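Sequence order for the protein chains is A and B.
Heads up: the first sequence at position 61 corresponds to 72 in our numbering, and the numbers run straight through without jumps.
Heads up: the second sequence at position 394 corresponds to 609 in our numbering, and the numbers run straight through without jumps.
Hint data in this document are derived by calculation from the structure and do not stem from the laboratory.
This structure is a prediction, so every number in the text was calculated from the model and none was measured.
You may find that some hints are simply not true.
One-sided and incomplete, this derived list gives chain B residues near chain A with beta-carbon spacing under 7 Å [stated by the list, open to error]:
| # | residue |
| --- | --- |
| 1 | F236 |
| 2 | F490 |
| 3 | G491 |
| 4 | Q495 |
| 5 | A621 |
| 6 | A623 |
Cut-off 20 Å, straight-line C-alpha distance, at most; resulting in silico cross-link-like pairs (SDA-like, lysine to any residue) [said to hold, decoys possible]:
| # | chain 1 | residue 1 | chain 2 | residue 2 |
| --- | --- | --- | --- | --- |
| 7 | A | K337 | B | E505 |
| 8 | A | K337 | A | G271 |
| 9 | B | K515 | B | E505 |
| 10 | B | K338 | A | A328 |
| 11 | B | K515 | B | P396 |
| 12 | B | K341 | A | W329 |
| 13 | B | K338 | A | Y331 |
| 14 | B | K342 | B | P396 |
| 15 | B | K648 | A | Y331 |
| 16 | A | K337 | B | K338 |
| 17 | B | K648 | A | H121 |
| 18 | B | K508 | B | P396 |
| 19 | B | K508 | B | P535 |
Simulated coverage check for chain A against chain B, where a stretch passes if three residues somewhere in it have a Cβ under 8 Å from a Cβ of chain B [unchecked claim]:
| # | stretch |
| --- | --- |
| 20 | 66-78 |
| 21 | 312-319 |
The C-beta atom is built at its ideal place from N, Cα and C for all residues, glycine as well.
Residue strings, one per chain:
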Amino acid sequence: MNYDLATIWAGLIAFAVFAYVVLDGFDLGIGILFPRFARGPERDQAMNAIAPVWDGNETWLILGGGGLFAAFPLAYAIILPALYPPIIAMLLGLIFRGVAFEFRWRDPAHQPFWDTAFTTGSTVAAFAQGVTLGALLQGITVAGRAYGGGWLDWLTPFTVLTGLSVVVGYALLGACWLIVKTEGETERHAYALARVLGALTIVAIIAVSGATPFLAHSYVQRWFTFPGVLITAQVPLLVAIVSVLFWRALAAHRRIAPFGLALVLFALSFIGLGISMFPYIIPRSVTIWQAAAPEASQAFMLVGAGIMLPIILAYTAWSYWVFRGKVGEGYH
Amino acid sequence: MFAALDPILLARIQFGFTVSFHFIFPSFSIGLASYLAVLEALWLRTQDDAYLDLFKFWLKIFAVAFAMGVVSGIVMSYQFGTNWAVFSDKTGPVLGPLMAYEVLTAFFLEAGFLGVMLFGMEKVGKKLHFAATCMVALGTFISAFWILSANSWMQTPQGYAVNAAGQFVPGGDWLAIIFNPSFPYRLVHTVTGAYLTTALAVGAVGAWHLLRDQNNRFARIMFSMAMGMIAVVAPLQIAAGDTQGLNTLEHQPAKVMAMEGHFQSHKEGAPLILFGLPNQRDQRVDYAVEIPKLSSLILKHDANAPLAGLDTIARDKQPPVPVVFWSFRVMVGLGFAMLGLALWALYARLRGRLFAWSWLHRAALVMGPSGFVAVIAGWITTEVGRQPYTVYGLLQTAQSASPLAAPAVGASLAAFVLVYFAVFGVGTWYILKLMNEGVHVDEPDLGDAPIRTAGVTPALQVQRQGQPA
Numbered sequence: 012m013n014y015d016l017a018t019i020w021a022g023l024i025a026f027a028v029f030a031y032v033v034l035d036g037f038d039l040g041i042g043i044l045f046p047r048f049a050r051g052p053e054r055d056q057a058m059n060a061i062a063p064v065w066d067g068n069e070t071w072l073i074l075g076g077g078g079l080f081a082a083f084p085l086a087y088a089i090i091l092p093a094l095y096p097p098i099i100a101m102l103l104g105l106i107f108r109g110v111a112f113e114f115r116w117r118d119p120a121h122q123p124f125w126d127t128a129f130t131t132g133s134t135v136a137a138f139a140q141g142v143t144l145g146a147l148l149q150g151i152t153v154a155g156r157a158y159g160g161g162w163l164d165w166l167t168p169f170t171v172l173t174g175l176s177v178v179v180g181y182a183l184l185g186a187c188w189l190i191v192k193t194e195g196e197t198e199r200h201a202y203a204l205a206r207v208l209g210a211l212t213i214v215a216i217i218a219v220s221g222a223t224p225f226l227a228h229s230y231v232q233r234w235f236t237f238p239g240v241l242i243t244a245q246v247p248l249l250v251a252i253v254s255v256l257f258w259r260a261l262a263a264h265r266r267i268a269p270f271g272l273a274l275v276l277f278a279l280s281f282i283g284l285g286i287s288m289f290p291y292i293i294p295r296s297v298t299i300w301q302a303a304a305p306e307a308s309q310a311f312m313l314v315g316a317g318i319m320l321p322i323i324l325a326y327t328a329w330s331y332w333v334f335r336g337k338v339g340e341g342y343h
Numbered sequence: 216m217f218a219a220l221d222p223i224l225l226a227r228i229q230f231g232f233t234v235s236f237h238f239i240f241p242s243f244s245i246g247l248a249s250y251l252a253v254l255e256a257l258w259l260r261t262q263d264d265a266y267l268d269l270f271k272f273w274l275k276i277f278a279v280a281f282a283m284g285v286v287s288g289i290v291m292s293y294q295f296g297t298n299w300a301v302f303s304d305k306t307g308p309v310l311g312p313l314m315a316y317e318v319l320t321a322f323f324l325e326a327g328f329l330g331v332m333l334f335g336m337e338k339v340g341k342k343l344h345f346a347a348t349c350m351v352a353l354g355t356f357i358s359a360f361w362i363l364s365a366n367s368w369m370q371t372p373q374g375y376a377v378n379a380a381g382q383f384v385p386g387g388d389w390l391a392i393i394f395n396p397s398f399p400y401r402l403v404h405t406v407t408g409a410y411l412t413t414a415l416a417v418g419a420v421g422a423w424h425l426l427r428d429q430n431n432r433f434a435r436i437m438f439s440m441a442m443g444m445i446a447v448v449a450p451l452q453i454a455a456g457d458t459q460g461l462n463t464l465e466h467q468p469a470k471v472m473a474m475e476g477h478f479q480s481h482k483e484g485a486p487l488i489l490f491g492l493p494n495q496r497d498q499r500v501d502y503a504v505e506i507p508k509l510s511s512l513i514l515k516h517d518a519n520a521p522l523a524g525l526d527t528i529a530r531d532k533q534p535p536v537p538v539v540f541w542s543f544r545v546m547v548g549l550g551f552a553m554l555g556l557a558l559w560a561l562y563a564r565l566r567g568r569l570f571a572w573s574w575l576h577r578a579a580l581v582m583g584p585s586g587f588v589a590v591i592a593g594w595i596t597t598e599v600g601r602q603p604y605t606v607y608g609l610l611q612t613a614q615s616a617s618p619l620a621a622p623a624v625g626a627s628l629a630a631f632v633l634v635y636f637a638v639f640g641v642g643t644w645y646i647l648k649l650m651n652e653g654v655h656v657d658e659p660d661l662g663d664a665p666i667r668t669a670g671v672t673p674a675l676q677v678q679r680q681g682q683p684a
């Protein structure tokens, strides 16, 4: 019974993380791309495309972190100290990003400053999240029930690569979201950016996928032996198909398809990640069962999650529905 | 540069700093969300647009305060892991689910409906919009419920077992964990404190504008509502504080000893020390001004009841007495000052001078920030008073920390201090600016905030800002 619960919770946390990545991903992406848009209506439209929803999007990050603390406290207690500097950098980045939404309107004289804070905060947070992912993949030194390494162990060329990759990927999501939500000059701009960022994201996926097997032999085994290979073999093929569809959607000036296809790219990468890690929560050191909280804790939370998650998804969807359509309608 | 310092001390300073700063915002937004719901309800019921203008005015302030609460709150949810890894590993099975429930039942609710509350009036209509406002207000309360339950469990743990790995695990009855002995008292005292804090802030804004113009209708409404609220809530809060004190005496006597400055045990009635300089090294209060037997009368309802002192607690298990002693006096002193303000306002109302008595308005203005100070002082009293433990009597603070290097903690502490003072200082300045501007007839939809509805162009917004108030 406990085994099943741990797997369910691993799945739920993975879902929360993925929801965070795609939802706040486009928020942060718009922050990253902000300097590419002209001051005035272009930037205001870009900001307005996410202002009503960013807070809800960010909440998935708290569910991911809080869920890890609750369901896998040992993993939470090892991973966060190991990644201390990037986590703190992410939190500080998110502070600047979050307040910029309100502050830039409160103080027009200093709007350029808060716009810069918006971009810097978004970029730092995205980069730090990428570094966190990379550091997790490359492995964390565990001693007993604690982190056993130094405070800069996370910094390697690989983690810099994953950091940059996430920045590029989020920027792609941001550009695609702007295609959905804006019109006029902002929209044209977003199409152009999406083309470049789509190419860069594919390069990033290839680079990270190419580098991962060199991190540890276990990844080679997982990817290229039965039954993992059955899935791994499909991923490059699917990425290629999705990429072609993505460019065709951009060329045809489709409104929602580019965002949807970018999501599929992220989902494929996420599945690849799952194959690489499961059932470890800290690769090669701690499995989800070793890190799991007792059955009584996980079961108690599962009741709440089972009831609340559908309700949350329903009112979140309603909120997106309320603010559907282009934000620019009515400017002219 | 930080290598010589004790990483645990740095981690404690960092956590204390970030949690104190964070606590300011929810203690405002809990009360303000409810106040907004009341204003909107009054508008819907009376159709008087003054309430709508007031609603829109406070909504702008709420948006800024809420954003600061959110971003400083995320820091908290990760700091348990970054700085207090051993604590997280050991308490995760018990405290983790409480926090997970907070996220699932409160954070999503607030965030999900905040967008509609801030920007959706024209899109969803009045009634649905009011429902969204109520959901946000409900979310702030549910959030307080869970986080205070978790905090209270750390103060008065029950319903747990300890497993082979040394973790606290649920003992079978979650209700015993959630409704641990200090939780109901702490919840009432804290949430009432948030309402009082908000009422004092609203009252000060009303007073500020009454000092400029006694006939300002918006200022009159705000001032009257706030003073009425304080008259009800301040006495309740003093009573709630008293019962929480009695509960603390039962479960955490050392904290009460530190609050009272009782280094010595008293067999026949302990004195109430009004003021003095606690001297922990020599275990006495220097220059104490005391009222004989009053402490026993308050705490035991019997002037001659014996009361144990810190001489019954080992030196290394005592909380830092001076901090607790002073923060407690600041809180209580401000509480009675609030009661005094409420009584003065009540007297002025009965005499028909509520809007004309400028000294009352000045006093209300001075008392504007007192709620925040009292809330922080109360927080310091309860959190420093439970030292040296993170889980009271079971897990010491010194054994809770992450295996971190001092330079990492020191650098991040410096970054937090700089960023918090800069960012939240500026945010507070913006709030004060909005408060100073006051309410206008036909208050614009969230004014010059990021409006997503049709027809409002940023150019117009900037122009509006440029106009004289």
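Evaluated hints:
no.: 1; hint: F236; result: violated (11 Å)
no.: 2; hint: F490; result: violated (39 Å)
no.: 3; hint: G491; result: violated (41 Å)
no.: 4; hint: Q495; result: violated (32 Å)
no.: 5; hint: A621; result: violated (10 Å)
no.: 6; hint: A623; result: holds (4 Å)
no.: 7; hint: A:K337 x B:E505; result: violated (69 Å)
no.: 8; hint: A:K337 x A:G271; result: holds (17 Å)
no.: 9; hint: B:K515 x B:E505; result: holds (17 Å)
no.: 10; hint: B:K338 x A:A328; result: holds (15 Å)
no.: 11; hint: B:K515 x B:P396; result: holds (19 Å)
no.: 12; hint: B:K341 x A:W329; result: holds (16 Å)
no.: 13; hint: B:K338 x A:Y331; result: holds (12 Å)
no.: 14; hint: B:K342 x B:P396; result: violated (40 Å)
no.: 15; hint: B:K648 x A:Y331; result: violated (32 Å)
no.: 16; hint: A:K337 x B:K338; result: holds (14 Å)
no.: 17; hint: B:K648 x A:H121; result: holds (15 Å)
no.: 18; hint: B:K508 x B:P396; result: violated (28 Å)
no.: 19; hint: B:K508 x B:P535; result: violated (24 Å)
no.: 20; hint: 66-78; result: holds (count 10)
no.: 21; hint: 312-319; result: holds (count 4)
In summary, the structure is inconsistent with hints 1, 2, 3, 4, 5, 7, 14, 15, 18 and 19 from the numbered list given earlier, while agreeing with the others.
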